[in-house]
Every structure is written in C-alpha cells, then in structure tokens.
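Trainee: Sequence:
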Amino acid sequence: MKKIKIDRFKVTDSVALEKLKTTYDLEASEEKIEKELEEVRVTLGKLQDTMYAHGKYAVLVCIQGMDTAGKDSMIREVFKDFNTRGIVVHSFKTPTPLELKHDYLWRHYLRLPARGKFGIFNRTHYENVLVTRVHPQYILGENLPNVTSLEDIDEAFWEKRFKEINNFEQHIADNGTIVFKFFLHLSKSEQKDRLLRRLEKKEKNWKFSPGDLKERELWDTYQHCYEDAINKTSKSHAPWYIIPSDDKATARYIVARILLDTLQTYNDIEEPELDDDIKAHLETYKRQLENE
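Counting along the sequence shown from 1, when you hit position 251 you're at 1250 in my numbering, and nothing is skipped either side.
No wet-lab data here; the hints were simulated from the structure. The structure displayed is predicted, hence computed values, not measured ones. Just to be clear, a hint being listed does not mean it is correct.
What the hints assert, rightly or not - 30 angstroms max Cα-Cα, derived BS3-like pairs, lysine-lysine:
1. 1092 / 1213
2. 1116 / 1002
3. 1159 / 1231
4. 1203 / 1247
5. 1100 / 1009
6. 1002 / 1018
7. 1231 / 1055
8. 1092 / 1247
9. 1045 / 1031
10. 1100 / 1162
11. 1092 / 1191
12. 1004 / 1231
13. 1018 / 1247
Working from the sequences, and respecting the hints, build out all of it.
Mentor: Okay, structure coming up:
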C-alpha cells in the first residue's frame, strides 16, 4: 500500500480547487485500506487515552464539505475506537434565536473541547463565511450594527470575518488546542451519484432533501467561497487539509493518518507520573485490598 505524505494534502500556499484531484490512488484494495484504517484508529484511540490522562492538549477537528461529501461516515469510521468519555461531536445547524443574540463565534466557543478531549465540529464556524456568503440574506438575521441591507455585506465585511476567524483559531491554539481542518473535496459528478443513491435506495431516502438540489445549482459559487476561505485561513497553527473524497475509504484513511502522524510529533504527550509517595506505597495499598 502506498505510503502517504501528509504535507501532500496540507494547504501551505494558494490553491485552486478546480485543479486539485478528488481521487487519490493508495495502490491497494478497499479491503486493505479498511484494514490499515483499523490499525491507525486503534493507535489513535490509545493515544487519545494518554492525552485524556495527560490533560495538556485539546484537539479540535473541523470537517467541511459539500452535501454528500461523507462527513458523518468519516466521523463514525475514523473515531470508532475512541473512548466516548474523551470525544464530543457537534453538528452546527441554523443558529437558534438565542445564538443569534450573540456574535457568530459564541456558539462555537461554547463547544470547544476541554484539554484532554477531542472535539469534532461537523460543519463548523466556517459556515459563517460559506453558507452566509452564498446566501448573504442570512446575515441580516444576525441584526448586526451597521448592517441594514445586502449592500452593507461587501468584500470588506468578509475580510473582517476571515481575520476574526484567524484570531479565534490563534487564540485557542495558543491555549493548548491542536487544530485540524479538513475539506472533503468531492467532484460534482460523484455528488450526483450519491444523491441518486439516496433517491433509489429506500433506506437512504431519509437523507434526501429537495434543498440539496437547490444548493447543487450553486456548486460553482460554493467552490469559490470554499477556495477563498481555505486560502485566507490556512495557517501554521490551524492548517487546512484538502482530502480527495470521491472514494470514502481512501478519504477516511488519509484523515486518520494525518491525525496520527501529526499528534505523534508532540513529544510532550505522555502518561502522568504517580506521586512519589503513592508510588512508594503501592505494595502497601495492594496488601490492604488483598486482606479485606
């Protein structure tokens, strides 16, 4: 099986999505890829246990992608071997009336992982420069000062949001959160096939919404907004990774490999040491239990 280099997927310079492939050949069968994924995720699960006990770093995994890109199944398959106490998944939908009373990042701050835990954002704070940029009328619902019409939502408005998001990620990174951002790069033809499967297979009908087709009509606009957001917010402290996602098994393995290879570079993640006094009396405690 082909060994991947994670820098191959990391955004370190300006990218054009239309020039990036949505497939990647691991030179292995699907069975082999799934077996390799299983081994990686077991190792990730053990590392997460250590991180939970250590309590020094939090990990925030942000997953974005077009409809049908495989976000839900990515989370299910990559994090299957994690202890549930150490991972929390949040899926951000349309803001509630309470959330709209606060700044757009407020609800994301509330759901950040504590040190020692993994937080998974299924759709993320980037919805505030993606969906709202494609549909700027949604911004009016935020009732912002100095924004009274669509004319007020200009390029300067979006540049300010990019700056705020960069500052948000810098702040949490400075305070112990390791940030991963994955864009699941799907082709338009593959999305069509996946939407058709949702219509053709009865057990998948519930996943389909007529709104999916309306959003599909805006494919090019979404691609432009994703490209702009990725180029303006991929930083060393919070990099974007563009994951070829036409094949789900391959995409899952690449994401898992990036997570593991990156986290293993942190030499200060280790099991906490017992207090010397407790360590010196372990045999005493053992005898006490045995003699009950």
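Trainee: Evaluate each hint against the coordinates.
Mentor: Taking the hints in turn, this is what the structure says about them:
1. A distance of roughly 18 angstroms separates the Cα atoms of residue 1092 and residue 1213; the hinted pair therefore holds under the 30 angstroms criterion.
2. Between the alpha carbons of residue 1116 and residue 1002 the distance comes to roughly 28 angstroms, so the proposed pair stays at or under 30 angstroms and holds.
3. Using a Cα cut-off of 30 angstroms, the hinted pair residue 1159 and residue 1231 holds, with the two alpha carbons roughly 11 angstroms apart.
4. Of the supplied pair hints, the one linking residue 1203 and residue 1247 holds, its CA atoms being roughly 17 angstroms apart against a limit of 30 angstroms.
5. Using a Cα cut-off of 30 angstroms, the hinted pair residue 1100 and residue 1009 is violated, with the two alpha carbons roughly 36 angstroms apart.
6. Between the alpha carbons of residue 1002 and residue 1018 the distance comes to roughly 23 angstroms, so the proposed pair stays at or under 30 angstroms and holds.
7. In summary, the hint linking residue 1231 to residue 1055 is supported, as the alpha carbons are separated by about 29 angstroms, within the 30 angstroms threshold.
8. Restraint check for residue 1092 and residue 1247: the C-alpha separation of about 23 angstroms stays at or below 30 angstroms, so the hint holds.
9. Our distance criterion of 30 angstroms between C-alpha atoms is met by residue 1045 and residue 1031, whose separation comes to about 22 angstroms.
10. A C-alpha spacing of about 21 angstroms is found between residue 1100 and residue 1162, which places the hinted pair at or below 30 angstroms, so the restraint holds.
11. For the hint linking residue 1092 to residue 1191, the alpha-carbon distance of about 23 angstroms falls within 30 angstroms, and the restraint holds.
12. The hinted pair formed by residue 1004 and residue 1231 meets the criterion: a straight-line CA distance of about 23 angstroms does not exceed 30 angstroms.
13. Between the alpha carbons of residue 1018 and residue 1247 the distance comes to roughly 20 angstroms, so the proposed pair stays at or under 30 angstroms and holds.
Of the numbered hints stated above, the single one contradicted by the structure is hint 5.
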